[in-house]
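> Each chain, written out:
There are 2 protein chains.
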Amino acid sequence: MDEKIKQALIDIVGEDNYTDSLIDMVSYSYDASEYSQRPSCAVWVETAEHVSNILKLANREHIPVVPRGAGTGLTGTATPVRGGIVLDLSRMNKIIKISIEDRLAIVQPGVVYADLEKALAHYGFFFPPDPASGTVCTLGGNVATNAGGVKGAKYGTTRDYVLGLQVVLPDGRIMRTGSRTMKSVSGYDLTKLFVGSEGTLGVVTEIILKINPKTTAATTSMATFDNLEDAGRAVSQIMYSGIIPSVLEILGRDTIMAINQNTDLDLPEVDAILLAETDGYTTGETDFQMEKIMEVFKKNNAGEVKKAKSQEEASELWVARKSAYAVLSRIKTHVVLEDVTVPMAKIADLLKGIKAISKKHNIMIATYGHAGDGNLHPQFVYDGYDPEQVKSKGAASAELFQLTVDLGGTLTGEHGIGLQKAPFMTLEHDPAAMNVMRGIKRLLDPNNILNPGKMALDK
Amino acid sequence: MDEKIKQALIDIVGEDNYTDSLIDMVSYSYDASEYSQRPSCAVWVETAEHVSNILKLANREHIPVVPRGAGTGLTGTATPVRGGIVLDLSRMNKIIKISIEDRLAIVQPGVVYADLEKALAHYGFFFPPDPASGTVCTLGGNVATNAGGVKGAKYGTTRDYVLGLQVVLPDGRIMRTGSRTMKSVSGYDLTKLFVGSEGTLGVVTEIILKINPKTTAATTSMATFDNLEDAGRAVSQIMYSGIIPSVLEILGRDTIMAINQNTDLDLPEVDAILLAETDGYTTGETDFQMEKIMEVFKKNNAGEVKKAKSQEEASELWVARKSAYAVLSRIKTHVVLEDVTVPMAKIADLLKGIKAISKKHNIMIATYGHAGDGNLHPQFVYDGYDPEQVKSKGAASAELFQLTVDLGGTLTGEHGIGLQKAPFMTLEHDPAAMNVMRGIKRLLDPNNILNPGKMALDK
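These protein sequences, in sequence, are chains D and R. For the first sequence, this note's numbering gives the first residue as 1, with consecutive numbering after it. For the second sequence, this note's numbering gives the first residue as 1, with consecutive numbering after it.
It is possible that some hints are incorrect.
Since the list gives no way to pick one copy over another, a pair counts as held whenever it fits inside one copy or between any two copies.
List time: in silico DSSO-like cross-link candidates among lysine-lysine, alpha-carbon distance up to 30 Å [claimed, not checked]:
| id | residue 1 | residue 2 |
| --- | --- | --- |
| 1 | K118 | K360 |
| 2 | K292 | K118 |
| 3 | K214 | K118 |
| 4 | K355 | K94 |
| 5 | K299 | K97 |
| 6 | K6 | K359 |
| 7 | K6 | K352 |
| 8 | K56 | K6 |
| 9 | K94 | K306 |
| 10 | K214 | K154 |
| 11 | K97 | K298 |
| 12 | K6 | K118 |
| 13 | K309 | K355 |
| 14 | K118 | K391 |
| 15 | K355 | K214 |
| 16 | K4 | K97 |
| 17 | K154 | K56 |
| 18 | K4 | K360 |
| 19 | K332 | K391 |
| 20 | K118 | K299 |
| 21 | K118 | K352 |
| 22 | K352 | K97 |
| 23 | K298 | K309 |
| 24 | K97 | K292 |
| 25 | K309 | K391 |
| 26 | K118 | K355 |
Read the hints as simulated data drawn from the structure, not as lab findings. Keep in mind the model is a prediction, meaning the values are calculated, not measured.
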């Protein structure tokens, strides 16, 4: 890093909050994606004014700035592809306010998801998105990628809970969006524009979140299917039962096998397992809903249909589901977790298509995911040191994206575009939409300093 | 209208779909607000291509275009303040698709809310926002103003249900946003940018809506309060009970009196009545929730607390609530329905403030609204032919907006900004936010042809 710039950064954040040491630069070159590239330096910011002053400097000097939370993103959003400054927000980790009577929490972006969960649990409340990386990921990252999780079908994603933001714009101006109210239609919805914008439009320095009371009862069940199409049809037919399960997850055969090889859960080795949860305040209510769902399973040729008899039995099923990513990651040297989402009625077609793509390219693709909102996570398992397998993986991904879009779906349900899907943006979005997105980027960030190279916005 | 332009418009939509007759121009000069001004002509459009060709022409010739649904907006959004072309979308009224298995409906903007309700009821589904004007308002208008209703606290507003749009941009380009999936984080959230943008950024020609299954059980109760502060505190304390009521409405004394004078409902004449509904699939569930809410009512010094014994008794209470606007409208020559929204814990302060403003300016302000999400509707009742009362009304409104913002609230929960609140936008939004909104407007509509004069965007 240029000495003058380095000094200016140190003047802003202090010596202890600046680093350009090799070991830190290597650490900051990675996130949880397959990409990596080193920044020139990193700074830990502690206030919105820090962020503002850094962006003013970077904007004047045309230096790339990459905002970063915990670096758990799977698409390369926090990878500094053009070098520059990594803006580490993890020290802005205060829960500013929890106001149950107003049904909201106000937090800094570096607060870890699980820390907010803990604080809210005290009041019987929670913040529903529940990303799989919840124990480590930060709320700023959740906002940047519009993170979601297993409760998406019933409770939505991060976007549905962000009431307002404090954002530092690329030119250093500090802006407030939204409000502390449950609803507002005062002016354009700037809040939602920043949610999911992957740090390309501004740096979020404060978040106002709507929170939910926790329901106190739940019923869990599982159903096995010897046939992917039956499982897919069961998912879309649940809608006709008039019930929205609080969770509806699918595990494909490869995923089930990997779980069995790595745990003692002994799941039935079938083509697909569906796991469902219903929630409410009384077991009468949750059982009533589950009965309807189990009827749908049976009508669609489920083999075994089983209601969990106890909280322990239910927990075991969720442990199985939650272990999927980890157990699949052990099989070969590399994994890439995909995130395609289709209209629910197309889930069976997507599952069949994934099977065909896997066979054609001779690459393991183990599928699981949030069937209840059509969001599947096909996990590519391969040897990233073998150029042939890397090539196969690339070709298979491209076919998966094309298939998804052909089925009326979207490239990403909850992980974002980042670097990984930037080349595929135009598959999904028409020229006018691409043009408007790029126009908004240029409007707010004319020097393209904020997280450049992501989301296909630089064209 | 210039003869050449008139002919060009007729060439686009056909003779039957064009009018500049005096009677039509007078009709189109109004919406449900206090404003009116005549356009130069109106056209009924039938396709996105019609809209595209008209916008190309208008953009070339710099002619204002005001999109219009049913004209039920309360803030002047559909009033053609600078003349030009009214684009009447009411004939684009096809329900294109209802797909229960995908949990969505695809509609044209001119579909009346109630018509979609009817179509969905057949499947046991509904579109939750439920605006008070639902029997006549159009879904395009709902999207343009992000309409809400009595179920907002639990089910959100229109924004929460719009998955994707087809939008014609001011230069005539036809764009798709979002998708047919339950969730997506692919690129910027252009969909939500258009929701609530009041026809200033583009003309919506197709809407993809998420829909909900209808719950099958409900419990209704009412509680009376001799003291506004007790009622306000009860509302915010319900959150501590861990229950989100499906409806939680408030009626103030003036509203109660007006209802009693105009109906045979014979409501208790107290300072405030709260009406609550809980929903679910079993009465065990809805009663359980209601018990918790009624405890909160009692703890906060409610006078009478009564659970409706039958569906009829519950219906009567909702009829009372729904009659408020109409009965208050009969008292004097003019009414203006406000729409301020505050954090729930501030409801008591807002109610007290409204009482003080009413007294100070000697103007009747009858309050009711959606207590469950902090959205109150103070209804100004006055003689609009008396310049003194008009002046008082203006001064009282300005004080109400200032009070709302001082309480951390927003100018509008569900009606929008339009003309009515344009002068107050900067009370709520900081200079950076105003600048970004205006920048987005200029980016998409550089000639300011789409609904000019609204939302304080022309500066």
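> Please go over all the hints and tell whether each is borne out by the structure.
Here is what the structure says about each hint:
For the homomeric pair K118 and K360, neither the shortest alpha-carbon distance inside one copy (46 Å) nor that between copies (47 Å) is at most 30 Å. Taking CA atoms no more than 30 Å apart as the test, K292 paired with K118 passes between copies only; the shortest distance there is 24 Å, against 33 Å inside one copy. Only within a single protomer do K214 and K118 lie at most 30 Å apart by alpha-carbon distance; the minimum there is 13 Å, versus 33 Å between protomers. Taking the shortest alpha-carbon separations for K355 and K94, neither the intra-copy value of 45 Å nor the inter-copy value of 38 Å comes in at or below 30 Å.
Proximity of K299 to K97 under the C-alpha cut-off of 30 Å is restricted to the inter-copy arrangement: shortest distance 26 Å between copies versus 48 Å within a copy. Neither within a single protomer nor between protomers do K6 and K359 lie at most 30 Å apart by alpha-carbon distance, with minima of 52 Å and 61 Å respectively. In the homo-oligomer, the alpha carbons of K6 and K352 never lie at most 30 Å apart, since the shortest distance is 54 Å inside one protomer and 55 Å across protomers. Taking the shortest alpha-carbon separations for K56 and K6, only the intra-copy value of 14 Å comes in at or below 30 Å, while the best inter-copy value is 51 Å.
Taking the shortest alpha-carbon separations for K94 and K306, neither the intra-copy value of 43 Å nor the inter-copy value of 43 Å comes in at or below 30 Å. Both within a single protomer and between protomers do K214 and K154 lie at most 30 Å apart by alpha-carbon distance, with minima of 13 Å and 13 Å respectively. Taking the closest pair of Cα atoms, K97 and K298 come within 30 Å of each other only across two copies (28 Å); inside a single copy the shortest separation is 47 Å, beyond that limit. Within a single copy, K6 and K118 get their C-alpha atoms no closer than 38 Å, and across copies no closer than 65 Å, so neither meets the 30 Å cut-off.
Taking CA atoms no more than 30 Å apart as the test, K309 paired with K355 passes in neither setting, with 34 Å inside one copy and 56 Å between copies. In this assembly of identical chains, the alpha carbons of K118 and K391 never lie at most 30 Å apart, being 44 Å within a copy and 52 Å across copies at closest. For a Cα distance limit of 30 Å, the shortest separation of K355 from K214 qualifies neither inside one copy, at 38 Å, nor across copies, at 36 Å. With identical chains, the CA atoms of K4 and K97 are never at most 30 Å apart, being 39 Å at best within one copy and 61 Å at best between copies.
Taking the shortest Cα distances, K154 and K56 never come within 30 Å of each other, neither inside one copy (42 Å) nor across copies (42 Å). For the homomeric pair K4 and K360, neither the shortest alpha-carbon distance inside one copy (55 Å) nor that between copies (61 Å) is at most 30 Å. Taking the shortest Cα distances, K332 and K391 sit within 30 Å of each other inside one copy (16 Å), while across copies they are farther apart (76 Å). Only between protomers do K118 and K299 lie at most 30 Å apart by alpha-carbon distance; the minimum there is 28 Å, versus 40 Å within a single protomer.
For the identical chains of this complex, K118 and K352 are neighbours neither inside a copy (40 Å) nor across copies (36 Å), given an alpha-carbon limit of 30 Å. For a Cα distance limit of 30 Å, the shortest separation of K352 from K97 across copies, 25 Å, qualifies, whereas the shortest one inside one copy, 48 Å, does not. Taking the shortest alpha-carbon separations for K298 and K309, only the intra-copy value of 19 Å comes in at or below 30 Å, while the best inter-copy value is 38 Å. For a Cα distance limit of 30 Å, the shortest separation of K97 from K292 across copies, 25 Å, qualifies, whereas the shortest one inside one copy, 40 Å, does not.
When the C-alpha separation of K309 and K391 is checked against a cutoff of 30 Å, the pair qualifies neither within a copy, at 47 Å, nor between copies, at 68 Å. In this homomeric assembly, K118 and K355 never come within 30 Å of each other (Cα to Cα): the closest approach is 40 Å inside a single copy and 41 Å across copies.
Violated hints, in rising order: 1, 4, 6, 7, 9, 12, 13, 14, 15, 16, 17, 18, 21, 25 and 26; the structure is consistent with all others.
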